[in-house]
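Visitor: Residue-level listing of the chains:
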Amino acid sequence: MGLFDNIKNYVTGGAADVKVVVKSESVVLGSQVDFEIMAIPTSGTIAANKIYITIKAVEQSGDSNTLYKEEQIVDSNVQLMEGTTKQWNATFKIPVDAQATYLGQHSRMLWTVVAGVDMAGNDPTSESVVFMVNNPALEV
Amino acid sequence: MGFFSKIKNYVTGGAAEVQITFESKIVDGSNPLRLFVTATANDDCNIKKVYLKIRAKETYTEYVTRHNSNSNGGNTSTRELVTKTHDHLMQEFTLVNEIKLTKGQSEKWLSEFTFPPNSIATYHGKQASFKWEAIAGLDMAGNDPDSSWQEFILQKNMNHTNSIIGNGTI
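Sequence lines, in order, name chains A and B. To get the working numbering, take the position in the first sequence, counting from 1, and add 134. To get the working numbering, take the position in the second sequence, counting from 1, and add 4.
Since the hints were derived computationally from the structure, they do not count as laboratory data. Heads up, a few of these hints could be off.
[Stated by the list, open to error] So these bits of chain A aren't anywhere near chain B, every CB distance computed over 12 Å:
hint : residue
1    : Glu-193
2    : Glu-205
3    : Thr-235
[As the list claims (entries may be wrong)] Heads up, simulated EDC-like pairs for lysine to aspartate or glutamate below, C-alpha to C-alpha not over 16 Å straight-line:
hint : chain 1 : residue 1 : chain 2 : residue 2
4    : B       : Lys-130   : A       : Asp-197
5    : A       : Lys-227   : A       : Asp-151
6    : A       : Lys-153   : A       : Asp-209
7    : A       : Lys-190   : A       : Asp-168
8    : B       : Lys-29    : B       : Glu-155
9    : B       : Lys-88    : A       : Asp-231
10   : B       : Lys-130   : A       : Asp-231
11   : B       : Lys-57    : B       : Asp-91
12   : A       : Lys-220   : A       : Asp-209
Think of the CB as a built atom: it goes at the ideal place given N, C-alpha and C, for glycine as much as any other residue.
Please model the complete structure; the sequences and the hints are all you need to start from.
Guide: Put into structure tokens, the structure is as follows:
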């Protein structure tokens, strides 16, 4: 791959394939959710400033309103070697006073996670992955 | 109280005070919701029935495009964010039929409501909400005295599946 392909990848964020997987099966407000992040460069070695995840709770009703957003740094100053998948684990605590996932007929509120590689040019990022957050069981 | 005061009470719905008291205002839906309806007569009341309504109401916003014609024969369109509501459930129960309450008399009824399967939990968002509410009223001549809508909270685990939202990515 030539110089111009590398430049294009930096601009479009295609310099690496990034994935994030939600490891926790059941997530409730106030509990921890575990993620696994994977990144593999698509063209050449990458010097990344940081590996991060962004967790958001977004309400969709007419407009999209971000009710909660937090970025967590998973790793920093890391070199990703071409052809080698690098993997990280991350844990995030859902605030107890946040909103649980809501799926109405005309509106909804979803929790999502995106992983990204902070580097020169556009950051390669994963797809936005939805995970479910439930209300804790009532103490009767 | 004179004749005209009674007429006023019938018209305004002030012939009785109606109250709802929830045994627990936060429920998980696994057991029936239990509530008490209390009516206290401010006047002699001939009541056809005492009723209880339960509703689950989604409030949301939606962009609506309005097309307008102006005086020059041209057309314009505007896009507005409009608040809308949708009742997912509206059920009425009759607690008692044909009852008389004399002035000062108070009566109390217990009612239970069983949640349908897959009931949606309460949600209070920024531009959207999902609320469970109850209202009790006395069906009688003139305006019905009622409790006004009272919210209770359904807090439960939702059985969300990926099929509802696609493959888990957006």
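Visitor: For every hint, state whether the structure bears it out.
Guide: Hint check results:
Interface exclusion of Glu-193(A) from chain B breaks down, the closest Cβ pair being 5 Å apart, not more than 12 Å. Annotated as non-interface, Glu-205(A) keeps its C-beta farther than 12 Å from every C-beta of chain B; the closest such distance is 18 Å. Chain B draws Thr-235(A) into its interface by the beta-carbon criterion, the shortest separation being 6 Å against a cut-off of 12 Å. A threshold of 16 Å between alpha carbons decides the hint, and for Lys-130(B) with Asp-197(A) the separation of about 10 Å falls inside it, so the pair holds.
A threshold of 16 Å between alpha carbons decides the hint, and for Lys-227(A) with Asp-151(A) the separation of about 26 Å lies outside it, so the pair is violated. A threshold of 16 Å between alpha carbons decides the hint, and for Lys-153(A) with Asp-209(A) the separation of about 15 Å falls inside it, so the pair holds. Among the hinted pairs, Lys-190(A) with Asp-168(A) is consistent with the structure: their alpha-carbon atoms are about 15 Å apart, no more than 16 Å. Simply put, Lys-29(B) and Glu-155(B) have alpha-carbon atoms about 8 Å apart, close enough for the 16 Å limit, and the pair holds.
Among the hinted pairs, Lys-88(B) with Asp-231(A) is inconsistent with the structure: their alpha-carbon atoms are about 27 Å apart, more than 16 Å. Under the criterion of a C-alpha separation no larger than 16 Å, the hint pairing Lys-130(B) with Asp-231(A) is consistent with the structure, at around 15 Å. Among the hinted pairs, Lys-57(B) with Asp-91(B) is consistent with the structure: their alpha-carbon atoms are about 12 Å apart, no more than 16 Å. For a cut-off of 16 Å, the pair hint linking Lys-220(A) to Asp-209(A) stands: about 11 Å separates their Cα positions.
In terms of the numbered hints stated before, the structure departs from hints 1, 3, 5 and 9, listed from lowest to highest.
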